[in-house]
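Trainee: The lines below spell out each chain.
2 protein chains.
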Amino acid sequence: MDFSDVIATRRAVNYFDPDRDVPDALLREVVEMAATTPSSFNLQPWSLMVLRDKEEKLRLQKQAMGQGKVSEAPVTLIVLADRRGWADECPFTEKNFQEMIQAGAMTEERRAWFSKARTNLYGTSEASQLAFATKNTGFFAMALMLAARSKGLHTHPMDGFSMDGVMKEFHIPETYWVPLLISVGYFNDAQELAPPKWRKTYDEIVVNF
Amino acid sequence: MDFSDVIATRRAVNYFDPDRDVPDALLREVVEMAATTPSSFNLQPWSLMVLRDKEEKLRLQKQAMGQGKVSEAPVTLIVLADRRGWADECPFTEKNFQEMIQAGAMTEERRAWFSKARTNLYGTSEASQLAFATKNTGFFAMALMLAARSKGLHTHPMDGFSMDGVMKEFHIPETYWVPLLISVGYFNDAQELAPPKWRKTYDEIVVNF
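As they're listed, the protein sequences go chains G and H. When we follow this note's numbering, the leftmost residue of the first sequence carries the number 464, and every step to the right adds one. When we follow this note's numbering, the leftmost residue of the second sequence carries the number 464, and every step to the right adds one.
Hints listed in this document are in silico derivations from the structure and should not be mistaken for laboratory results. Some hints could be false.
When chains are identical, the list treats them as one kind, so a pair holds in a single copy or across two.
When the alpha-carbon atoms are kept at most 30 Å apart in a straight line, the in silico DSSO-like pairs for lysine-lysine are as follows [what the hints assert, rightly or not]:
id, residue 1, residue 2
1, Lys663, Lys558
2, Lys517, Lys558
3, Lys614, Lys579
4, Lys579, Lys525
5, Lys579, Lys558
6, Lys660, Lys558
7, Lys631, Lys517
8, Lys614, Lys660
9, Lys614, Lys517
10, Lys525, Lys660
11, Lys525, Lys631
12, Lys631, Lys660
13, Lys614, Lys631
14, Lys663, Lys614
15, Lys579, Lys660
16, Lys631, Lys579
Bound-form chain G, shown alone (with noise of 0.2 Å):
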């Protein structure tokens, strides 16, 4: 599909189509589609847990405010942060380092420049790695919805749930930060979508100070 009607066909999907799966390979090409996101230092802190048991999107949902489309939807899934996704007890920096000495950009004596600029840069705060795993995670996030609706599916991207909630019922480590929840299926088209909501203009996202 080309890139402007992917842009222009995106929509925050209500409705799902209860009769038509997302087959496994389907899923797990726009998956990869959108491991290709760009991230600080490659560390890609994004993780997902993919929820298509009925039962278990019907607990999601319950956290979720009761939103119908959490169950409704074959694939539901929960988008995780990993605020220490910087740091050196965290697998992939190990791998990071590795699939840099092997690409021949990284030597094994500056292990010690590597930890120390990425706990400089993402790790010296709360907020600090708090902002790094969410805005990283945001850029996945949006390129999967994007690679989704190149292959025919809709999505819908949530963030009315209770994080504790979700955390405590999936067993999802502390570490995590849960920025969004994505319902992700066909489009049901008994149902009529609303026209597309006001978007900022270019002049009033451009600022200056």
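Given the structure of chain G, go ahead and fit chain H onto it with the hints provided.
Mentor: Same frame as chain G, now just chain H:
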């Protein structure tokens, strides 16, 4: 451009053609494509400062570890995330409210309800305000990078900079967080791009607890 080509060819480009400008009309088009990005309650808590002037870009470069692309690219954007973008004092929350009334999705009687809902979801702590601002602005920034690519441009997202330094230098009000800078231009094809970096696979992204 086909979406799959946009995704496959978007790279964080280090070298920009210094002789090829980004016309203002093209930048507008890219920003307005990105403006379709979904956000919490459609609050769109993102803004951009557009730097084209060489001296201005050099002042930014000084705060960004001297990275050459900040001033070599014809345009460098300071991306701003409004931590108070959910609050009553933000003019866009009132615009949002009025636009919803016009669309028949809100009534004047629900003003207090709408204010309380925004506060409860995004305003209860410093952390929730920051997460609200940075995740939504992350969505917007990613859409902008992909939209730029779809128009033949390249971008480079950066978060290696002193946020305090940038905020002081450019008189940015302290309710904002600066999640990233984005340089925008045409790739300097006298240079060679390194091969794409590794990415997490689907099985590395999907987690269970």
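Trainee: Compare the structure with each hint and give your call.
Mentor: Consistency of the hints with the structure:
1. Lys663 x Lys558: Intra 40 Å, inter 10 Å, cutoff 30 Å: inter-copy only.
2. Lys517 x Lys558: neither (35 Å within a copy, 38 Å between copies)
3. Lys614 x Lys579: So lysine 614 and lysine 579 fail the 30 Å test inside a copy (41 Å) and across (38 Å) alike.
4. Lys579 x Lys525: For lysine 579 and lysine 525, only the inter-copy Cα distance (21 Å) is at most 30 Å; the intra-copy one is 42 Å.
5. Lys579 x Lys558: Cα proximity of lysine 579 and lysine 558: one copy only (17 Å, versus 44 Å across).
6. Lys660 x Lys558: This pair counts as between: shortest inter-copy Cα distance 12 Å, intra-copy 42 Å.
7. Lys631 x Lys517: Within. Shortest intra-copy distance 19 Å satisfies the 30 Å Cα cut-off; inter-copy 51 Å does not.
8. Lys614 x Lys660: both (23 Å within a copy, 24 Å between copies)
9. Lys614 x Lys517: within (24 Å within a copy, 41 Å between copies)
10. Lys525 x Lys660: Within one copy, since 27 Å is at most 30 Å while 40 Å is not.
11. Lys525 x Lys631: within (12 Å within a copy, 45 Å between copies)
12. Lys631 x Lys660: Answer is neither: 34 Å inside a copy and 35 Å across each miss the 30 Å cutoff.
13. Lys614 x Lys631: This pair counts as neither: shortest intra-copy Cα distance 33 Å, inter-copy 44 Å.
14. Lys663 x Lys614: both (27 Å within a copy, 21 Å between copies)
15. Lys579 x Lys660: Only across copies: lysine 579 and lysine 660 sit 21 Å apart there, 44 Å inside one copy, limit 30 Å.
16. Lys631 x Lys579: between (33 Å within a copy, 25 Å between copies)
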